[in-house]
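Student: Going down the list, the protein sequences come from chains A and B.
1 is the number of the first residue of the first sequence in our numbering; add one for each residue after it.
1 is the number of the first residue of the second sequence in our numbering; add one for each residue after it.
These are calculated hints, taken from the structure and not from any lab test.
A quick note: this is a predicted structure, and the numbers were derived from the prediction, not measured.
Heads up, a few of these hints could be off.
Because identical chains cannot be distinguished in the list, a pair is counted as satisfied if it fits within a single copy or across any two copies.
[As the list claims (entries may be wrong)] Below, a list of computed lysine-lysine pairs in the BS3-like style, where the Cα atoms sit at most 30 angstroms apart:
#1 116 <-> 276
#2 288 <-> 276
#3 116 <-> 90
#4 116 <-> 244
#5 276 <-> 244
#6 244 <-> 293
#7 90 <-> 293
Next come the chains, spelled out residue by residue.
Number of protein chains: 2
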Amino acid sequence: MLDTVDAMTTEDLMAEIGQRARAAARVLATAPTSRKNEALAAMAAAVRAATPDILAGNRIDIEAMKANGQAASFLDRGTLDAERIEAIAKALEDIVALDDPVGSVMTSWERPNGLKIERVRTPLGVIGVIYESRPNVTADAGALCLKAGNAVILRGGSDTIHSNRAIHAALRSGLAQAGLPEDAIQIVPVTDRAAVGEMLRGLGGNVDVIVPRGGRSLVERVQSEARVPVFAHLEGLVHIFIDKAADLDMAVEVVVNSKLRRTGICGALETLLVHKDVAESHLPVIVKALQAKGCEIRGDSRTRELCENIVPASEDDWSTEYLDRILAVKVVRDLDDAMDHIAAFGSSHTDCIVTGDQAAADRFQAEVDSAIVLHNASTQFADGGEFGMGAEIGIATGRMHARGPVGVEQLTSFKYKVRGTGQTRS
Amino acid sequence: MLDTVDAMTTEDLMAEIGQRARAAARVLATAPTSRKNEALAAMAAAVRAATPDILAGNRIDIEAMKANGQAASFLDRGTLDAERIEAIAKALEDIVALDDPVGSVMTSWERPNGLKIERVRTPLGVIGVIYESRPNVTADAGALCLKAGNAVILRGGSDTIHSNRAIHAALRSGLAQAGLPEDAIQIVPVTDRAAVGEMLRGLGGNVDVIVPRGGRSLVERVQSEARVPVFAHLEGLVHIFIDKAADLDMAVEVVVNSKLRRTGICGALETLLVHKDVAESHLPVIVKALQAKGCEIRGDSRTRELCENIVPASEDDWSTEYLDRILAVKVVRDLDDAMDHIAAFGSSHTDCIVTGDQAAADRFQAEVDSAIVLHNASTQFADGGEFGMGAEIGIATGRMHARGPVGVEQLTSFKYKVRGTGQTRS
Numbered sequence: 001m002l003d004t005v006d007a008m009t010t011e012d013l014m015a016e017i018g019q020r021a022r023a024a025a026r027v028l029a030t031a032p033t034s035r036k037n038e039a040l041a042a043m044a045a046a047v048r049a050a051t052p053d054i055l056a057g058n059r060i061d062i063e064a065m066k067a068n069g070q071a072a073s074f075l076d077r078g079t080l081d082a083e084r085i086e087a088i089a090k091a092l093e094d095i096v097a098l099d100d101p102v103g104s105v106m107t108s109w110e111r112p113n114g115l116k117i118e119r120v121r122t123p124l125g126v127i128g129v130i131y132e133s134r135p136n137v138t139a140d141a142g143a144l145c146l147k148a149g150n151a152v153i154l155r156g157g158s159d160t161i162h163s164n165r166a167i168h169a170a171l172r173s174g175l176a177q178a179g180l181p182e183d184a185i186q187i188v189p190v191t192d193r194a195a196v197g198e199m200l201r202g203l204g205g206n207v208d209v210i211v212p213r214g215g216r217s218l219v220e221r222v223q224s225e226a227r228v229p230v231f232a233h234l235e236g237l238v239h240i241f242i243d244k245a246a247d248l249d250m251a252v253e254v255v256v257n258s259k260l261r262r263t264g265i266c267g268a269l270e271t272l273l274v275h276k277d278v279a280e281s282h283l284p285v286i287v288k289a290l291q292a293k294g295c296e297i298r299g300d301s302r303t304r305e306l307c308e309n310i311v312p313a314s315e316d317d318w319s320t321e322y323l324d325r326i327l328a329v330k331v332v333r334d335l336d337d338a339m340d341h342i343a344a345f346g347s348s349h350t351d352c353i354v355t356g357d358q359a360a361a362d363r364f365q366a367e368v369d370s371a372i373v374l375h376n377a378s379t380q381f382a383d384g385g386e387f388g389m390g391a392e393i394g395i396a397t398g399r400m401h402a403r404g405p406v407g408v409e410q411l412t413s414f415k416y417k418v419r420g421t422g423q424t425r426s
Numbered sequence: 001m002l003d004t005v006d007a008m009t010t011e012d013l014m015a016e017i018g019q020r021a022r023a024a025a026r027v028l029a030t031a032p033t034s035r036k037n038e039a040l041a042a043m044a045a046a047v048r049a050a051t052p053d054i055l056a057g058n059r060i061d062i063e064a065m066k067a068n069g070q071a072a073s074f075l076d077r078g079t080l081d082a083e084r085i086e087a088i089a090k091a092l093e094d095i096v097a098l099d100d101p102v103g104s105v106m107t108s109w110e111r112p113n114g115l116k117i118e119r120v121r122t123p124l125g126v127i128g129v130i131y132e133s134r135p136n137v138t139a140d141a142g143a144l145c146l147k148a149g150n151a152v153i154l155r156g157g158s159d160t161i162h163s164n165r166a167i168h169a170a171l172r173s174g175l176a177q178a179g180l181p182e183d184a185i186q187i188v189p190v191t192d193r194a195a196v197g198e199m200l201r202g203l204g205g206n207v208d209v210i211v212p213r214g215g216r217s218l219v220e221r222v223q224s225e226a227r228v229p230v231f232a233h234l235e236g237l238v239h240i241f242i243d244k245a246a247d248l249d250m251a252v253e254v255v256v257n258s259k260l261r262r263t264g265i266c267g268a269l270e271t272l273l274v275h276k277d278v279a280e281s282h283l284p285v286i287v288k289a290l291q292a293k294g295c296e297i298r299g300d301s302r303t304r305e306l307c308e309n310i311v312p313a314s315e316d317d318w319s320t321e322y323l324d325r326i327l328a329v330k331v332v333r334d335l336d337d338a339m340d341h342i343a344a345f346g347s348s349h350t351d352c353i354v355t356g357d358q359a360a361a362d363r364f365q366a367e368v369d370s371a372i373v374l375h376n377a378s379t380q381f382a383d384g385g386e387f388g389m390g391a392e393i394g395i396a397t398g399r400m401h402a403r404g405p406v407g408v409e410q411l412t413s414f415k416y417k418v419r420g421t422g423q424t425r426s
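With the rest of the complex left out, here is chain A (with noise of 0.2 angstroms):
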């Protein structure tokens, strides 16, 4: 940690702790898989040693944010426990289970003038993470990306920057016991909205792409300010599509899970689309298994028809993530339908077809442009560690490098190595 904060500007600040991470960055390339993993096993039981000052950097963190009048979902998300604290480090210690992707030979071939060709994975280099409350994402995501082999600069939520520091100076402590650079994880120390800017500007070529964890707010400002490549999603507004071949009782079994097994994830279920051909035998079985659960239905004028209890859904409800026990409900023509509903509100995060029409599901899967598409499954699958990924630090929705789950191979790019004999070009 830089020990002369109070003396230097934002700015030099900011570009110091960049070109201490790529020179971190500069060694964890080659580190080899051993020594990050002996590191991710000592950051661990660092962890663990350090409960009582994570704990009390927690208490002094959670006051603030009560004196500030903070929400109670708000406070759950930045309060830590003992069996919080163990859970972190446990997810640290999956992450040395992880395969390691530096060095892995994606393809390789051998043209016929005999050059042999392999494209390989490395790291990206230096990854800007910005965050908020939860102050687990401090050693999950300095983990991720020390597995991919990248140095990691963390922006933290200021409500909760005594329990990130205190997370954090066990997980240098775990570096050091390894002998990796302890500047390849770094937290930023101050908490002014500044240092977000330099850090979207690249601290001088020095990040190579942002990942920003949070809510709308922060990821719109990291959107509109980055100059560097960012691996975001807006949001997930998750659709089904019931369609007129779909098995009733797994349609009712995949929406309720879908919408209320977790209504706070980026992969539940918000709008839900019905085939007009089943909506009289389907709908209202549907509506009432989601009522019975206390799911609050927003239905268009067929679903107020047909079903009981439906809120009139207006033109806003289309395009809104509730993140809660509320969904959208429309009825649809046909497939078509239901595509240019998803073209026109989706975001690119999941959508789902129920339907046991194989044509029909082919067409969904090729033609909705999303990171994600399901046939016949809940959409809350949408998760790194549900795809076998292992951990994720993130969704991403957009078209470049990354998209869906964000695991550590995501964190990677690659070279060519190229071996000859002496070829020369003709």
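With chain A's structure known, arrange chain B on it following the hints.
Tutor: Only chain B this time, still in chain A's reference frame:
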């Protein structure tokens, strides 16, 4: 093409071009391979048929360039004749033969719960290409983007606008014949710099990536102003390191070919680094072979001791991309010294080691952070065609998304298709 150009502001004009491109991209995203190939073949035929029109347009451009006092090399790049137009048509046909990347399954796996996951290639969307004097780029870039299912907005140099318009008319005619949207390939019909600025701001979300093809000032402007991702390389500051275990004959052949086969391409050698242990045995032979072919050598003090007719190298020579018959030469202590030099002065494009020592080659290829790292082969192989990728739109040196030759596959993104049988998440 827009018919009402004169009455519109550049901002409105460019916004409309963006909207048309996005609409075309939606159609292209699911266009079958046969349809795209039909368009490419029709475009080739239309280019051949339009040879008189293209030559007439080119004559206007050439006369203007002469009147403006452009250099001979610039005039040469901008000049078309029947042979060059035939080459443009032939290049379009070559793109027919490339595999269509869209829809291909990059990887697939099954989860323990039975979910089947596929990562499938999709188009990127809308690509903006900003290029300088070569009119063939109009056809090459347009066709390559089309093959990958992307719409493209082409902004060529004002010097060749009449040539570009005539070629573009042929491309549109090919698209129309195949029943594809003519807006799949648009050219910017105005020459003011403000149009480039609009493209770099992304036309309201309707440009997904910018590809600059041109000199340093163009690429620098694009990199500094772009608010959308860029596939760019500033320059190819290409190094060869002659290791102490290098075979002399191979070293001579690889260096001479890398420097002199074509000096104006980005894969041409610019700086030669020689291990001190073989400086006496190898360097004079290499230097004489280069000098015999008219290459100027700018050397450090040790090179000047060992060889004759050496211009003293200044500090600037280590960071100059000559693109000419000039080579900077330095004697280094060892492999680490060579890699340090490349880290300090390289451009992350292409670098090469000549050695018989596999361990030295392995370290060099692992540690040098360049898109293409060669062992015992000419750096002039840094080319999509030589890699077997077919046509390329450029060579990217960034670490995001595309790196190295940007061929048809690099002009795609991907999505995840998840197929279930009613799975829900517990």
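Student: Now, for every hint given, state plainly whether the structure supports it.
Tutor: For each hint, the structure was consulted:
1. In this assembly of identical chains, residue 116 and residue 276 lie within 30 angstroms of each other by CA distance solely across copies; the values are 29 angstroms between and 57 angstroms within a copy.
2. With identical chains, the CA atoms of residue 288 and residue 276 are at most 30 angstroms apart within one copy only, with a shortest distance of 18 angstroms there and 81 angstroms across copies.
3. In this homomeric assembly, residue 116 and residue 90 come within 30 angstroms of each other (Cα to Cα) only across copies, at 28 angstroms, whereas the closest approach inside a single copy is 42 angstroms.
4. For the identical chains of this complex, residue 116 and residue 244 are inter-copy neighbours only, at 23 angstroms across copies versus 52 angstroms inside a copy, given an alpha-carbon limit of 30 angstroms.
5. Taking the shortest alpha-carbon separations for residue 276 and residue 244, only the intra-copy value of 8 angstroms comes in at or below 30 angstroms, while the best inter-copy value is 76 angstroms.
6. Taking the shortest alpha-carbon separations for residue 244 and residue 293, only the intra-copy value of 25 angstroms comes in at or below 30 angstroms, while the best inter-copy value is 74 angstroms.
7. Taking the shortest Cα distances, residue 90 and residue 293 never come within 30 angstroms of each other, neither inside one copy (33 angstroms) nor across copies (64 angstroms).
When the structure is compared with the earlier hints, a violation turns up for hint 7 alone.
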